[in-house]
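There are 2 protein chains.
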Amino acid sequence: MAGCARGSARAVLAFLLAPALVALLVAPARGRGGRGHGDWGAAELLPPRENAALVARFVTNVCDWGALATISTQEGVRGRPFADVLSLSDGPPSKGSGVPYFYLSPMQQSVGNLKENPYATLTMSLAETSFCRKYGFDPQSPLCAHIILSGTVIKVSEAEMDVAKNSLFIRHPEMKTWPSSHNWFFAKLNITNIWVLDYFGGPKIVTPEEYYNATFQ
Amino acid sequence: MAGCARGSARAVLAFLLAPALVALLVAPARGRGGRGHGDWGAAELLPPRENAALVARFVTNVCDWGALATISTQEGVRGRPFADVLSLSDGPPSKGSGVPYFYLSPMQQSVGNLKENPYATLTMSLAETSFCRKYGFDPQSPLCAHIILSGTVIKVSEAEMDVAKNSLFIRHPEMKTWPSSHNWFFAKLNITNIWVLDYFGGPKIVTPEEYYNATFQ
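Sequences listed follow chains A and B, in order.
In this text, residue positions in the first sequence follow my numbering: the first is 7, and each later residue adds one.
In this text, residue positions in the second sequence follow my numbering: the first is 7, and each later residue adds one.
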């Protein structure tokens, strides 16, 4: 009888332990390549959608990459719009400054473009995180909030270099290993226009002043 | 004795079943909002990186959204590069044609831009899926493969409309419910230039011919 009771106890224990063991097996590789690739429960933290400036700050902080549009200088497509993917960071999770910092190399096509024409538009979307999938929002639905930031991409000044470096390296530790032969430098988007698509009714315009004045609780 | 043997059998059964039950509980909401938002084991299926044309076809098929660069026609930023997020599809998972189809409305900023200047560049990245996070690749690392497709965005012809519709609605079922007041129409990117960044050494150029001739095994 004692043996049978232990058998039942084992059944319960096995039932309780198995999911934990499976979870350990399938857990994503954290700490390698980057931190905060949309896997820290962003869904619970979306600000009220009517506070467009705060939503914009939220998206900038949650995302650690975006797509940058520039004017192409490449042979055959000169003058046409060009798009590329860049890693970025405005600071640690929940502690972002709102400034999108980049780690760029003159070897990148976008950087060649920016040398001639510094105007650029950066777009970031909650589709980059688990948010939209979790709530079943299509990437093109405004409910899958995304933002569009226009301005110019400029090299970061000496005074701002530490902030840029810390913001980027905390979210993108792999950057510390990138080869110096690529002449990496810190840059940022100097924002002049902001559009927020987070609800039906069309894009909401947010001024840079409203954007930088928005504060997380 | 028979009772105790059943106890041990229950333990084994519980151990085997529990993860499945947990998986059912935590499974993401499928069928709402979109299908194939990077959650179908893309990592196992990445083609050999040296086959740049096939990698490009893979990324186009796996991604169901991208960022499109256009030239802005909007007041205050006219002539500058603009970027926006668009849903897309080249067909069902593993059965893509390589043609990125869009479902657009004249109310969208990008569409206003395209009316004046149809040149556009679309970029898609495996950072949109679980691939890069799983292997710890930074979004800006070439190992987190991304592609850049340049060309023109044009309305889909009558003959191609069914293909466009099926491709899009199978991956974006929510589109079937979008309001007709937005005058949605099917469009596609007519590709002229392709760059593939999937390994160190810079972007690989793939011709549209190589791209469309690539076949999945």
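Because the hints were derived from the structure by calculation, they are not lab data.
Keep in mind the model is a prediction, meaning the values are calculated, not measured.
Possibly wrong hints are sitting among the right ones.
In the SDA-like style, the derived pairs of lysine to any residue whose C-alpha atoms are separated by at most 20 angstroms in a straight line are [to be verified]:
no., chain 1, residue 1, chain 2, residue 2
1, A, Lys210, B, Gln114
2, A, Lys140, B, Met181
3, A, Lys210, B, His188
4, A, Lys161, A, Asn172
5, A, Lys210, B, Pro54
6, A, Lys182, B, Tyr205
7, B, Lys210, A, Ser111
8, A, Lys140, B, Lys140
9, A, Lys210, B, Val117
10, A, Lys182, B, Gly207
11, A, Lys182, A, Asn196
12, A, Lys210, B, Met113
13, B, Lys140, A, Met181
14, B, Lys121, A, Gly208
15, B, Lys140, A, Val83
16, A, Lys121, B, Lys121
17, A, Lys121, A, Val169
18, A, Lys140, B, Ile176
19, A, Lys210, B, Gly97
20, A, Lys210, A, Gly104
21, A, Lys140, A, Leu51
22, B, Lys140, B, Pro54
23, A, Lys171, A, Lys140
24, A, Lys182, B, Pro148
25, A, Lys210, B, Ile176
26, B, Lys210, A, Gly97
27, B, Lys210, A, Val117
28, A, Lys210, B, Arg84
29, B, Lys140, B, Pro53
30, A, Lys121, B, Leu51
31, A, Lys210, B, Pro148
32, B, Lys161, B, Lys140
33, A, Lys101, A, Lys210
34, B, Lys161, B, Tyr205
35, B, Lys210, A, Lys182
36, B, Lys210, A, Val83
37, A, Lys210, B, Gly82
Have a look at the derived ranges for each label pair, beta carbon to beta carbon [said to hold, decoys possible]:
no., chain 1, residue 1, chain 2, residue 2, range
38, A, Gly118, B, Pro214, 17 to 25 angstroms
39, B, Ser187, A, Glu166, 22 to 30 angstroms
40, A, Phe222, B, Ile160, 20 to 28 angstroms
C-beta: ideal position from N, C-alpha, C; glycine also.
Here is what the structure says about each hint:
Between the alpha carbons of lysine 210 of chain A and glutamine 114 of chain B the distance comes to roughly 13 angstroms, so the proposed pair stays at or under 20 angstroms and holds. With a CA separation close to 18 angstroms, the supplied pair lysine 140 of chain A and methionine 181 of chain B stays within the 20 angstroms bound. Proposed proximity of lysine 210 of chain A and histidine 188 of chain B is supported: the alpha carbons are some 18 angstroms apart, at most 20 angstroms. Of the supplied pair hints, the one linking lysine 161 of chain A and asparagine 172 of chain A holds, its CA atoms being roughly 16 angstroms apart against a limit of 20 angstroms.
For the given pair, lysine 210 of chain A sits about 43 angstroms from proline 54 of chain B by alpha-carbon distance, which is inconsistent with the 20 angstroms threshold. Note on lysine 182 of chain A and tyrosine 205 of chain B: the hinted pairing holds, with a Cα-Cα distance of about 18 angstroms set against a maximum of 20 angstroms. Annotation: proposed proximity of lysine 210 of chain B to serine 111 of chain A holds, straight-line Cα distance about 17 angstroms (limit 20 angstroms). Among the hinted pairs, lysine 140 of chain A with lysine 140 of chain B is consistent with the structure: their alpha-carbon atoms are about 18 angstroms apart, no more than 20 angstroms.
For the suggested pair lysine 210 of chain A and valine 117 of chain B, the alpha carbons sit about 17 angstroms apart, so the restraint of at most 20 angstroms is met. For the hint linking lysine 182 of chain A to glycine 207 of chain B, the alpha-carbon distance of about 19 angstroms falls within 20 angstroms, and the restraint holds. Distance hint between lysine 182 of chain A and asparagine 196 of chain A is unfulfilled; the C-alpha atoms sit about 24 angstroms from each other, more than 20 angstroms. Our distance criterion of 20 angstroms between C-alpha atoms is met by lysine 210 of chain A and methionine 113 of chain B, whose separation comes to about 14 angstroms.
The suggested pairing of lysine 140 of chain B with methionine 181 of chain A holds, with an alpha-carbon distance near 18 angstroms, which does not exceed 20 angstroms. Pair hint lysine 121 of chain B plus glycine 208 of chain A holds up; C-alpha atoms about 19 angstroms apart against a cutoff of 20 angstroms. For a cut-off of 20 angstroms, the pair hint linking lysine 140 of chain B to valine 83 of chain A is broken: about 35 angstroms separates their Cα positions. A threshold of 20 angstroms between alpha carbons decides the hint, and for lysine 121 of chain A with lysine 121 of chain B the separation of about 28 angstroms lies outside it, so the pair is violated.
For a cut-off of 20 angstroms, the pair hint linking lysine 121 of chain A to valine 169 of chain A is broken: about 23 angstroms separates their Cα positions. Distance restraint check for lysine 140 of chain A and isoleucine 176 of chain B: the Cα-Cα separation of roughly 19 angstroms lies within the 20 angstroms cut-off, and the hinted pair is therefore satisfied. Of the pairs offered as hints, the one joining lysine 210 of chain A and glycine 97 of chain B is violated, with about 32 angstroms between alpha carbons and a cut-off of 20 angstroms exceeded. A hinted pair counts as satisfied when its Cα atoms are at most 20 angstroms apart, and lysine 210 of chain A with glycine 104 of chain A qualifies at roughly 17 angstroms.
Taking the CA atoms of lysine 140 of chain A and leucine 51 of chain A, the gap is near 13 angstroms; set against the 20 angstroms cutoff, the hint holds. With a CA separation close to 18 angstroms, the supplied pair lysine 140 of chain B and proline 54 of chain B stays within the 20 angstroms bound. At most 20 angstroms may separate the alpha-carbon atoms for a hinted pair to count; lysine 171 of chain A and lysine 140 of chain A exceed this at roughly 32 angstroms. Taking the CA atoms of lysine 182 of chain A and proline 148 of chain B, the gap is about 16 angstroms. The hint holds against a cut of 20 angstroms.
For a cut-off of 20 angstroms, the pair hint linking lysine 210 of chain A to isoleucine 176 of chain B is broken: about 30 angstroms separates their Cα positions. The suggested pairing of lysine 210 of chain B with glycine 97 of chain A is violated, with an alpha-carbon distance near 32 angstroms, which exceeds 20 angstroms. Taken as a hint, the lysine 210 of chain B and valine 117 of chain A pair is honoured in the structure, with Cα atoms around 17 angstroms apart against an allowance of 20 angstroms. With a C-alpha separation of about 18 angstroms, the suggested pair lysine 210 of chain A and arginine 84 of chain B falls inside the 20 angstroms cut-off, and the hint holds.
With a C-alpha separation of about 17 angstroms, the suggested pairing of lysine 140 of chain B with proline 53 of chain B holds against the 20 angstroms cut-off. At roughly 38 angstroms between alpha-carbon atoms, lysine 121 of chain A and leucine 51 of chain B are farther apart than 20 angstroms, so this suggested pair is violated. Simply put, lysine 210 of chain A and proline 148 of chain B have alpha-carbon atoms about 34 angstroms apart, too far for the 20 angstroms limit, and the pair is violated. Note on lysine 161 of chain B and lysine 140 of chain B: the hinted pairing is violated, with a Cα-Cα distance of about 37 angstroms set against a maximum of 20 angstroms.
Between the alpha carbons of lysine 101 of chain A and lysine 210 of chain A the distance comes to roughly 24 angstroms, so the proposed pair goes past 20 angstroms and is violated. A threshold of 20 angstroms between alpha carbons decides the hint, and for lysine 161 of chain B with tyrosine 205 of chain B the separation of about 34 angstroms lies outside it, so the pair is violated. Annotation: proposed proximity of lysine 210 of chain B to lysine 182 of chain A is violated, straight-line Cα distance about 25 angstroms (limit 20 angstroms). The suggested pairing of lysine 210 of chain B with valine 83 of chain A holds, with an alpha-carbon distance near 16 angstroms, which does not exceed 20 angstroms.
Between lysine 210 of chain A and glycine 82 of chain B the alpha-carbon distance is near 16 angstroms, which keeps this suggested pair within the 20 angstroms criterion. Distance hint check for glycine 118 of chain A and proline 214 of chain B: the Cβ-Cβ separation is about 23 angstroms, which falls inside the suggested range of 17 to 25 angstroms. Here the CB-CB span from serine 187 of chain B to glutamate 166 of chain A is close to 46 angstroms, at odds with the stated 22 to 30 angstroms. The beta-carbon spacing between phenylalanine 222 of chain A and isoleucine 160 of chain B, approximately 43 angstroms, falls outside the hinted interval of 20 to 28 angstroms.
Hint compliance for this structure: hints 5, 11, 15, 16, 17, 19, 23, 25, 26, 30, 31, 32, 33, 34, 35, 39, 40 are broken, all remaining hints hold.
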